[in-house]
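J.: Those protein sequences? They're chains A and B, same order as listed. Using our numbering, read the first sequence as starting at 486 and increasing by one per residue. Using our numbering, read the second sequence as starting at 13 and increasing by one per residue.
Please keep in mind that the hints were generated in silico from the structure rather than gathered at the bench. Note that this is a predicted model, so its numbers are computed, not measured. Warning: the hint list may mix true and false statements.
What the hints assert, rightly or not - Looking from chain B toward chain A, a few residues come up when the C-beta cut is under 10 Å (computed):
1) H309
2) V427
3) P429
4) L632
5) N633
6) G636
7) R720
8) K734
9) Q735
By construction, the Cβ of each residue, glycine as well, lies at the ideal position given by its N, Cα and C atoms.
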Amino acid sequence: MSVLKTTNLKKHYALGTVVKALDGVDIAVEQGEFVSIVGSSGSGKSTLLHMLGGLDRPTEGNVEINGQIIFNMKDDELTIFRRRNIGFVFQSYNLVPVLNVEENILLPIQLDGNKPDEAYIDRIIDTLGLTEKRKNMPNQLSGGQQQRVAIARALASKPAIVLADEPTGNLDSKTGMDVIGLLKVSGEKFGQTIIMITHNPEIAQMADRTIHIEDGRIV
Amino acid sequence: MRVSNNATIRRLTLRSLKANKLRNIVAVIAIALTAVLFTAIFTLGGNMLETVQNSTMRQVGTSAHAGAKLVTQEQYDRIAAAPSVRDISYNIIIGLAENDALKKSQTELRYSENTSAKWGFSYPEVGSMPQKETEIACSTITLDLLGIPHEIGASVPLEHSVNGKKYTETFTLCGYWTGDPVMAAQQAWVSREYCDKVAPMPTISLSQTDGVNLAGYICADIWFSNSLNIEGKVAKLQKEAGFAPGEVNIGVNWAYVGNEIDPTTAIIAVFVLLLVLLSGYLIIYSIFTISVTADIHFFGLLKTIGTTGLQLRKIVAGQALLLSAIGIPLGLLIGCGVGFGLTPFILNIMGGNLTISPTVNPIIFMFSAVFSLLTVFISCRKPARIAAKVSPVEAVRYADAPISKSGKSKRTKVVSPLTMADANVTRGKRKLITVVLSLSLSMILLNSVFSAVNGFDMEKYLSNSIVSDFAIADSSIFTNGSAKKLDGVTPKMLQLLTSSGAEISNVYCRDVYKWNESGTIPTETKQIYGIGSSELALFSEVDYEKLRSENVCIVSKQVFGVGPTVAIPKVGDIITLTNESGATEAFEVVELVEEYPYQISERYYLGDSLTVIISNEAFLNLFGETQPMQTNVNVEDKLVPEVEKLLSDYAKNIDTALGYISRSTLMAEFDGLRKTYVAIGGALSFILALIGILNFTNSQVTSIFARRRELAILQSIGMTGKQTKKMLFCEGLLHAILTILFTLTVGLGIGYLIMQVIAGQVWFFDSRFTLAPSLYCIPPLLLICAAVPFVCYNRLARESVVERLRIE
Numbered sequence: 486m487s488v489l490k491t492t493n494l495k496k497h498y499a500l501g502t503v504v505k506a507l508d509g510v511d512i513a514v515e516q517g518e519f520v521s522i523v524g525s526s527g528s529g530k531s532t533l534l535h536m537l538g539g540l541d542r543p544t545e546g547n548v549e550i551n552g553q554i555i556f557n558m559k560d561d562e563l564t565i566f567r568r569r570n571i572g573f574v575f576q577s578y579n580l581v582p583v584l585n586v587e588e589n590i591l592l593p594i595q596l597d598g599n600k601p602d603e604a605y606i607d608r609i610i611d612t613l614g615l616t617e618k619r620k621n622m623p624n625q626l627s628g629g630q631q632q633r634v635a636i637a638r639a640l641a642s643k644p645a646i647v648l649a650d651e652p653t654g655n656l657d658s659k660t661g662m663d664v665i666g667l668l669k670v671s672g673e674k675f676g677q678t679i680i681m682i683t684h685n686p687e688i689a690q691m692a693d694r695t696i697h698i699e700d701g702r703i704v
Numbered sequence: 013m014r015v016s017n018n019a020t021i022r023r024l025t026l027r028s029l030k031a032n033k034l035r036n037i038v039a040v041i042a043i044a045l046t047a048v049l050f051t052a053i054f055t056l057g058g059n060m061l062e063t064v065q066n067s068t069m070r071q072v073g074t075s076a077h078a079g080a081k082l083v084t085q086e087q088y089d090r091i092a093a094a095p096s097v098r099d100i101s102y103n104i105i106i107g108l109a110e111n112d113a114l115k116k117s118q119t120e121l122r123y124s125e126n127t128s129a130k131w132g133f134s135y136p137e138v139g140s141m142p143q144k145e146t147e148i149a150c151s152t153i154t155l156d157l158l159g160i161p162h163e164i165g166a167s168v169p170l171e172h173s174v175n176g177k178k179y180t181e182t183f184t185l186c187g188y189w190t191g192d193p194v195m196a197a198q199q200a201w202v203s204r205e206y207c208d209k210v211a212p213m214p215t216i217s218l219s220q221t222d223g224v225n226l227a228g229y230i231c232a233d234i235w236f237s238n239s240l241n242i243e244g245k246v247a248k249l250q251k252e253a254g255f256a257p258g259e260v261n262i263g264v265n266w267a268y269v270g271n272e273i274d275p276t277t278a279i280i281a282v283f284v285l286l287l288v289l290l291s292g293y294l295i296i297y298s299i300f301t302i303s304v305t306a307d308i309h310f311f312g313l314l315k316t317i318g319t320t321g322l323q324l325r326k327i328v329a330g331q332a333l334l335l336s337a338i339g340i341p342l343g344l345l346i347g348c349g350v351g352f353g354l355t356p357f358i359l360n361i362m363g364g365n366l367t368i369s370p371t372v373n374p375i376i377f378m379f380s381a382v383f384s385l386l387t388v389f390i391s392c393r394k395p396a397r398i399a400a401k402v403s404p405v406e407a408v409r410y411a412d413a414p415i416s417k418s419g420k421s422k423r424t425k426v427v428s429p430l431t432m433a434d435a436n437v438t439r440g441k442r443k444l445i446t447v448v449l450s451l452s453l454s455m456i457l458l459n460s461v462f463s464a465v466n467g468f469d470m471e472k473y474l475s476n477s478i479v480s481d482f483a484i485a486d487s488s489i490f491t492n493g494s495a496k497k498l499d500g501v502t503p504k505m506l507q508l509l510t511s512s513g514a515e516i517s518n519v520y521c522r523d524v525y526k527w528n529e530s531g532t533i534p535t536e537t538k539q540i541y542g543i544g545s546s547e548l549a550l551f552s553e554v555d556y557e558k559l560r561s562e563n564v565c566i567v568s569k570q571v572f573g574v575g576p577t578v579a580i581p582k583v584g585d586i587i588t589l590t591n592e593s594g595a596t597e598a599f600e601v602v603e604l605v606e607e608y609p610y611q612i613s614e615r616y617y618l619g620d621s622l623t624v625i626i627s628n629e630a631f632l633n634l635f636g637e638t639q640p641m642q643t644n645v646n647v648e649d650k651l652v653p654e655v656e657k658l659l660s661d662y663a664k665n666i667d668t669a670l671g672y673i674s675r676s677t678l679m680a681e682f683d684g685l686r687k688t689y690v691a692i693g694g695a696l697s698f699i700l701a702l703i704g705i706l707n708f709t710n711s712q713v714t715s716i717f718a719r720r721r722e723l724a725i726l727q728s729i730g731m732t733g734k735q736t737k738k739m740l741f742c743e744g745l746l747h748a749i750l751t752i753l754f755t756l757t758v759g760l761g762i763g764y765l766i767m768q769v770i771a772g773q774v775w776f777f778d779s780r781f782t783l784a785p786s787l788y789c790i791p792p793l794l795l796i797c798a799a800v801p802f803v804c805y806n807r808l809a810r811e812s813v814v815e816r817l818r819i820e
């Protein structure tokens, strides 16, 4: 069964002439799959990812996650849906600077007003090699470490899907490979579905499946 | 190596200035508000000083720095030739007008040079100074008293005597001016011809005569190069002119001496100036720190490509200067208006016969501009240093506020909008302190002002001014001055009062002098009061019956003066009192009191005089039938308006010399005083509050704007708009709570100190501290602190999460 499905997803911007960032995308991702999306700059892959995560609303078409059509929801409903079902990993880590590592990881759970599953969180932190850094502040960490925190945060709420937007873009290639390795291992270990955007063909190859996107269309 | 790069720095300054429109507007408003405060305070202070000085000059009778009294032509020439004299003019004294109609207002007959008359505020506004022998110029007060119309050519009959010879003349009016009631004496100018005829100039120095015949002597008005240390200049002038000690009396115009402000006023003035400086500093510093921090990437970039720290400082300082060029003139104009608006209030406090003579003084603008500019520069130093010290590498990592690196890690807490707000607010500690202080200042001032006003004790104020519902006396008793009429209450008045059902009690008074043989210097002075039983009860335990039936008296221990001090008698001593015709009567002292109540006194302290109090009956027995100095009147409450009207009509239509004060007019006066403090304190607090709110708003808006990406991240990982708003709301609230805490603790302490200073200054003050004004400020403060982040977020939310995430 597909955990995520898009139907005829379109995003048009009217900037003088109409720019078709997405022009009818249909994809389906199965539970536990690790999918990479590749494409050149401006191909529409980031827009696609934003749509999949409900950060941006499409011009036409829809996204279905776990059988729920997400764009039928109101903004705050969508945000709540997102923190329960989707984990994000960004290129620039996007940790909250005033919170320590542990607080950053627990943030989505606590925003939901829930008690974290501590054994589960400990396992994630252990898997990502962050046990020593639990109490550190983000600015005391290296880029790779920060990205591992971001991955831990994305996994913490046991989301249906983890969306990663060029997670290795700011890292050197060795660290990048390590981080993706950890992402993949974690995904398998915790049964997560992962969709990742990347430029890097080597990294793309680590995925179970690669989707190519060009000019807003799947090729 | 010198490189000419000023033009480049200037271009960078201008360009970066243009890029920061919102900051510029906020900064200009902040600078302008600071300048408004400075200008208002300086205008207020300047007007106050000037009005007091001006009014003193009018009382003294001249604006000249010093005056040589009663000199001969030869002595005058020596003074005029002295090098330290910048300008000089003179008048010649002839004598006093002796017309009955002029007895109430001393009128001096003199010849004067034009200049001296102008300096003396007595130069004809209509017509001219006398030319022909029989011409005269005088004030409208003199004309009115004589019942002569204000018309050139009118006949002015005048009586006067020179050295015992009486003259009755009829002059022709050649000029007049609006009389000033504040002046000690009115001048009537006659021609030189007439002056020389009746009062030829003496050639012997006054110090060599018995000092009784003054006619014909010159009074010189002297100006020095400036008004600093006039006493020293006078001493120097005495030497330059070669006068022997005591030969010539040169007096200082005390309008210029009184310039020294008393310490309490000075402390308050310095305190207020510092308060404004601090308030200005807090906001301007905050604005520039925020903007430099926001531009830190830009400064980092400039440094990377080779701009030196000093040049970066110049850019920041240059921006401040350019913004001041708009803000300060704006503030000067508004502040001048505010200052003038408040001036009547403050003159009201100072009381007396002050009329407002506000002038726009360039020095005030200069002072205000300098102080404002000083504030701007002090405030910009730290932000400029931040810009100068920027490390090109670290600039990239800089977020809204530098994240402290001290304390390696932090305990994990459960994250909620509240804890996040706490973390966000406290990450910029300096900014937080600045904003909290800025908001607190106005609350502290407001609280202090209202506590002070609250402490004004009406009962104390009333009981020190009046002992009954009404007090009636000749108006000279209730005004400042030395010419007191001590028997001003007429039988007709008393008759009217008793028939209207009022209860009256009289106070009689005489100043009795014993003269030396030539009759010029008093050797012994007594102020004798005859009082009723209700007056006696105010200050003494002695039974009135005893005072009335036995020949006993009470003596006050209070003696004024510096000359040969008066020996205070002991209880049991016998004092002999003498009436005007020389008859005496002996009284035994039964009590010594600390002081005789001011409210029933002649309100004038005779130097070296003994105050003796006897009963009404004993007084009348000694001095014969006479009119009371003051009558204290008590009436039933419902009769108060009626009696008030009766007195006011009487004073207006029947006896214009009658003066009265009433409990109700004093209450109104007291109320005016309170309003004055409230108006001035309130206006200052209001502007300070504006500054505080502006500071808070600026800090919140810029902080939320700088964190718009961070807020987008939070939303992307699941923070709802509601939660974000709650967090921002908590951030605002934390500012409010800290402000309230600070105001109620430190503010309370400062307020208390201010109260102590005022308590020393105001005699009707009763320390009554209140927190109410601060408490009333809390709801609006909470509202503002909560509303600003809310509005801000709504603006921000117009941009989508994705758009905000893209911001680098």
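J.: Restraint: Q735/B near chain A, CB-CB cut 10 Å. Satisfied or not?
T.: holds (6 Å)
J.: Hold the hint about N633/B up to the distance rule: shortest CB distance to chain A must be less than 10 Å.
T.: violated (92 Å)
J.: Report holds or violated for the interface hint on R720/B, using the least CB-CB distance to chain A and a cut-off of 10 Å.
T.: violated (13 Å)
J.: Against chain A, with CB atoms and a cut of 10 Å, does the hint on P429/B hold up?
T.: Interface hint status for P429/B: holds (9 Å vs cutoff 10 Å).
J.: Report holds or violated for the interface hint on V427/B, using the least CB-CB distance to chain A and a cut-off of 10 Å.
T.: holds (4 Å)
J.: Does G636/B meet its interface restraint, that is, does its C-beta lie within less than 10 Å of any C-beta in chain A?
T.: For G636/B, the interface hint is violated, since the closest Cβ of chain A sits about 94 Å away, which is over 10 Å.
J.: Using 10 Å as the Cβ threshold, decide whether L632/B counts as touching chain A.
T.: violated (89 Å)
J.: Given H309/B was flagged as interface, is its beta-carbon under 10 Å from a beta-carbon of chain A?
T.: Result: violated, 15 Å to nearest chain A Cβ.
J.: Does K734/B hold up as a contact with chain A if the rule is Cβ-Cβ below 10 Å?
T.: holds (6 Å)
Hints 1, 4, 5, 6, 7 from the earlier list are contradicted by this structure; the remaining hints agree with it.
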